[in-house]
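Undergrad: Sequence:
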Amino acid sequence: MQTYSQNRVRPRTLSDVVPLSFSRTIYRDLVLVVGFSLFIALTAQIRIQILDNPVPITFQTLVVLLGGAALGRKNGLAGVALYLLEGLVGLPVFAAGGHGYNYLFGATGGYLFSYLVVAFVTGWLAERRWDHKYPSTLALMLVGLFFNYLLGVTWLAVYTGKGLSYGIEKGMLPFLGIDLIKVVIAASLLPATWWLTRSDNSQKKQ
2 MQTYSQNRVR PRTLSDVVPL SFSRTIYRDL VLVVGFSLFI ALTAQIRIQI
52 LDNPVPITFQ TLVVLLGGAA LGRKNGLAGV ALYLLEGLVG LPVFAAGGHG
102 YNYLFGATGG YLFSYLVVAF VTGWLAERRW DHKYPSTLAL MLVGLFFNYL
152 LGVTWLAVYT GKGLSYGIEK GMLPFLGIDL IKVVIAASLL PATWWLTRSD
202 NSQKKQ
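Sequential numbering of the sequence shown, starting at 2, is according to our numbering.
Mixed in with the good hints, there may be bad ones.
Here are the simulated distance ranges between beta carbons [as the list claims (entries may be wrong)]: (1) K163 - Q50: 11 to 21 Å; (2) L197 - L151: 28 to 38 Å; (3) D53 - K134: 33 to 43 Å; (4) I169 - R199: 39 to 49 Å; (5) H100 - K163: 23 to 33 Å; (6) A82 - V185: 22 to 32 Å; (7) L190 - K75: 16 to 26 Å; (8) I51 - V185: 20 to 30 Å; (9) L177 - Q46: 15 to 25 Å.
The hints are simulated quantities; they were obtained by calculation from the structure and are not laboratory data. Glycine included, C-beta positions come from ideal geometry on N, C-alpha and C.
Assemble the whole structure, with the sequences as input and the hints as a guide.
TA: Okay, structure coming up:
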């Protein structure tokens, strides 16, 4: 069986340089996937409700953007899928402790399911080194955010039966400003972390 270091000689994502004690790929990836799902669940509990808006402000989107890029498309997708499964079977992992079929397929279901696409796309781009420099990392984040809004707004419009204008009014416009600020800040974290890992490796070689 190949070890983690043998399987990935050159780091493709930040998770490849995380100093975990597990050398075998399957154990290491399992820890990262479960940890990612739990972190999404944790940040979902930080919830700000906007008056009568069915969509609350949470930090899940930011976590999925960063986690997908850091873990890569396969582990990022697996982590989100595990998170959704946890909520579906009854664990209180959705916003404000929500859970179950009705919540998953409720008004915010499009955003929840969009995380699968967001994690996969950002991970795929990160594996192609989009997360090494600020401009490309910013583009990576914006692509992920686009899919989040695309699926979330469309689902909200269909679910409520009030049309696309309602979906945009309630599901995008109130959040666009703060989401763009979060994306700009987050886009600096990945290149900075890569720079730190390269600096650390160069110091060890001296």
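Undergrad: Identify every previously stated hint that the structure contradicts and give their numbers, smallest first.
TA: none
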